[in-house]
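Can you build the whole structure from these sequences, using the hints too?
Line order of the protein sequences matches chains A and B. Using the numbering used here, the first residue of the first sequence is number 1, and each one after it goes up by one. Using the numbering used here, the first residue of the second sequence is number 1, and each one after it goes up by one.
These are computed hints drawn from the structure, not numbers from a lab. Warning: the hint list may mix true and false statements.
Pairs involving identical chains hold if they fit within one copy or between any two copies, as the list cannot separate such chains.
Within a straight-line C-alpha distance of at most 30 Å, the following computed DSS-like cross-link-like pairs (lysine-lysine) qualify [claimed, not checked]:
1. K449 <-> K35
2. K59 <-> K198
3. K449 <-> K59
4. K59 <-> K389
5. K153 <-> K3
6. K356 <-> K449
7. K399 <-> K198
8. K59 <-> K144
9. K144 <-> K399
10. K172 <-> K153
11. K4 <-> K449
Letter by letter, the chains look like this.
Number of protein chains: 2
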Amino acid sequence: MPKKYVIIGGDAAGMSAASKIRRMQPDSELVVFEKGQHISFAACGIPYWISDVIEDGSKLQVLTPEIAREKRGIDVRIGHEVTQIDATSNTIAVNNLETGEKIHEAYDVLLIATGARAVVPPIPGVGHDGVFTLRSLADGQRIKNYIAEHEIKHATIIGGGYIGLEMAEAYKHINIDVTMVEMLDQIAPTFDKDILEKVTAHVVEQGVDLQLETRVDAIDKSEQGLQVQTSAGQIQTDMVIVSTGVRPNSELARDAGIALGNSGAITINDHMQTSIPNIYSAGDCAEHRHLVLNEDIWIPLAPSANKGGRVAGENMVGTATRFPGILGTAVVKVFDYTVAQTGLTEKQAREAAIFKDIESTTISAGSRAHYYPGSTPVTIKLVADGTTKRLLGAQMIGKSDVAKRLDVLATALTAGMTLEDIGMLDLTYAPPVAPVYDPIHVAANVANK
Amino acid sequence: MPKKYVIIGGDAAGMSAASKIRRMQPDSELVVFEKGQHISFAACGIPYWISDVIEDGSKLQVLTPEIAREKRGIDVRIGHEVTQIDATSNTIAVNNLETGEKIHEAYDVLLIATGARAVVPPIPGVGHDGVFTLRSLADGQRIKNYIAEHEIKHATIIGGGYIGLEMAEAYKHINIDVTMVEMLDQIAPTFDKDILEKVTAHVVEQGVDLQLETRVDAIDKSEQGLQVQTSAGQIQTDMVIVSTGVRPNSELARDAGIALGNSGAITINDHMQTSIPNIYSAGDCAEHRHLVLNEDIWIPLAPSANKGGRVAGENMVGTATRFPGILGTAVVKVFDYTVAQTGLTEKQAREAAIFKDIESTTISAGSRAHYYPGSTPVTIKLVADGTTKRLLGAQMIGKSDVAKRLDVLATALTAGMTLEDIGMLDLTYAPPVAPVYDPIHVAANVANK
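Following this line, the structure appears as structure tokens:
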């Protein structure tokens with residue numbers, strides 16, 4: 001008898017799994033429950049939609065519930081919140097948010113793909129009108145509407161991570177002044193501070209009022225709009241984005257007795273299986289094996305949600321595919337700069353107990369042959385094990401040709417290459433695209449000295 | 001007693017070795033003999049100098065003999081042609097081309113870095129004024145002068161390889177009409193024909209009169225200039241570039257009893273040593289180990305000349321560094337397209353005896369998120385071993401973000417990755433730089449089905 005598959009969460013991981021299951025078992029019973037109104041949307045595109053760089057917001061919907069149902073034969077139920085998993089009876093409790101009806105749904109194999117949610121710090125006034133988090137398409141629509149309906153001249157962004165930086169650019173793009181308040185002494189806290197020097201200066205040059213090492217104490221209503229009270233003074237503003245991080249939606253799993261990791265996200269094996277064998281998990285609610293640390297870590301990013309969802313789907317129907325793990329490879333466009341990383345930062349490597357001797361090297365070199373027009377400096381920081389000379393991580397910034405160049409190092413990292421191996425890689429060379437010694441070679445050779 | 005090092009050839013390989021030797025043994029005796037007037041020049045930049053994209057030709061000289069002597073302490077003797085190697089007495093015979101003086105120079109350790117030369121096919125009239133090959137800076141200067149001194153409205157390029165294609169773009173850039181005559185049924189013959197379809201159409205759209213499967217029979221002088229007689233008719237033209245390939249300068253080595261490979265280039269081991277232990281070779285005159293074929297092959301390109309020269313220098317002074325080998329990674333800009341390859345083409349893989357079951361897959365996918373402006377199609381062809389699913393080679397074309405994306409596959413190839421490994425690589429994703437499934441993932445996943 002074919003199994004019945006139930007998926008909690010209709011975003012990248014859930015819909016990747018659903019699509020895979022449907023392709024592999026066209027006749028199986030398959031239900032996806034999604035709390036919100038949208039499935040499978042490109043969250044990373046939202047800042048560019050807010051700034052009108054992407055004009056048509058519907059393009060951010062990779063898949064609609066209608067298309068999922070009609071074209072892919074997936075029974076997607078939006079507006080349905082799963083409130084409980086009973087792993088003994090293999091049933092879930094579901095709340096139809098529209099009708100208030102409560103149902104129970106049985107499963108043979110379950111996937112928890114509940115994702116993550118924005119962390120809202122307990123700042124007094126964070127619930128005022130005009131204060132937003134940004135995670136879902138609905139959040140994006142709310143922000144867009146608020147901008148359209150109010151005369152917004154100034155926005156305050158709390159938090160200088162990826163989303164904060166992308167929103168700063170988005171606001172400046174539509175001529176809204178921006179103050180960014182960050183508690184730490186650096187933006188983009190997943191990077192080592194030292195490699196961000198030029199990018200940080202660039203953010204300020206672009207007119208962002210950047211306030212580092214600043215704590216937000218309260219958000220007050222004022223006659224002119226909102227007033228953000230910080231450890232450094234007051235900011236008069238028209239709207240506030242709180243982008244201070246995310247947290248895994250793992251409570252359902254925890255309450256069902258499923259093991260969580262130290263991060264609070266769901267522990268899975270390389271077949272995406274939780275501690276309960278017929279319950280799988282994928283996406284931002286789960287930890288993944290870090291290929292350099294060789295331990296489970298929570299880095300919620302879209303690529304692992306998409307790939308992990310697919311692998312979960314394959315394993316749920318009985319194909320023993322392996323998800324190898326992640327490097328935390330990430331990239332963010334910060335105005336004219338691209339900032340990318342893979343593997344461990346120097347800070348992370350020094351904190352990791354398994355490495356005794358950490359070396360780091362930072363170089364700058366031209367993106368193209370020095371004599372060819374349009375060459376721009378690329379700065380690379382390599383982190384290596386001083387004993388084995390194995391690469392442990394890389395960070396890269398520059399105005400062009402950064403992301404895929406960083407990917408070369410992500411691939412080298414996956415293969416466990418040493419600095420010498422990297423220095424000898426046979427990479428493309430032609431004056432318009434790269435110097436004969438690519439910045440990657442330069443970095444590896446300097447680091448290997 | 002310190003050894004005496006002699007290097008034949010002052011281009012990338014020779015000067016890389018010399019610089020390395022000088023740094024490692026500051027007090028050793030070290031002489032470089034160079035037949036021409038220039039050392040260490042960026043040959044790959046010459047087409048862009050001819051087209052004035054690079055205005056200052058002196059920038060193509062990475063190192064001048066004066067700077068090499070004064071700043072680096074390397075005794076460089078330009079205008080000196082080595083005419084014989086006597087491996088029994090460890091001496092070479094040298095001709096001072098300026099004075100006619102013949103000298104003998106003893107060595108303890110010798111490097112042959114004589115490079116390659118343009119092949120001139122035995123076409124009647126190939127010696128006429130206005131017919132050029134392009135290999136050295138002097139060739140480039142001759143072509144530039146000829147264009148400056150004559151009213152050039154039309155040029156004919158014989159041969160559709162890298163240099164021919166770059167020269168076609170160079171001519172069009174300075175408003176000179178171009179006819180390209182190629183004997184084969186495709187341009188860029190190191191690529192599989194099928195991946196070049198769009199690029200070939202693009203070359204024609206750019207106004208190049210492309211004549212494939214056409215043989216040049218003669219070059220005649222005519223009243224209006226030159227007349228190229230081909231198997232398809234006559235071409236009235238003002239100048240001709242013969243870019244029909246290169247040949248290794250290995251005669252000196254051969255005459256000294258040094259073993260050559262099937263290609264006619266010098267055989268070396270992974271310490272860059274020839275069959276005579278105190279004679280090394282590097283650069284375009286030598287074969288290199290191909291990392292996929294695991295056999296020696298002659299692919300004369302700048303990256304291996306630079307790296308191999310350095311490794312030769314290290315080994316010559318007694319440090320046993322290994323040159324791992326090459327993949328034949330190469331890239332060429334063809335007007336708006338970038339065309340790149342690494343490892344084996346499908347044709348090469350099918351011809352290689354060690355692979356029994358060859359699979360190839362070609363896909364096109366967007367360079368960025370589909371909803372982000374500026375995404376352009378990237379076409380990728382993967383060649384894999386059907387039995388092991390190991391990647392054997394990759395080719396890529398597109399209008400942007402091609403070269404370093406291809407380098408990801410060069411790195412995967414070096415590591416011996418399978419299609420599944422590549423499909424799971426944790427690569428950068430953000431709407432402005434890549435889709436969540438990079439074209440690389442798409443290609444690997446489709447190929448792995």
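> So which of the earlier hints does this model not fit?
Replying inline: Failing hints, ascending: 1, 4, 5.
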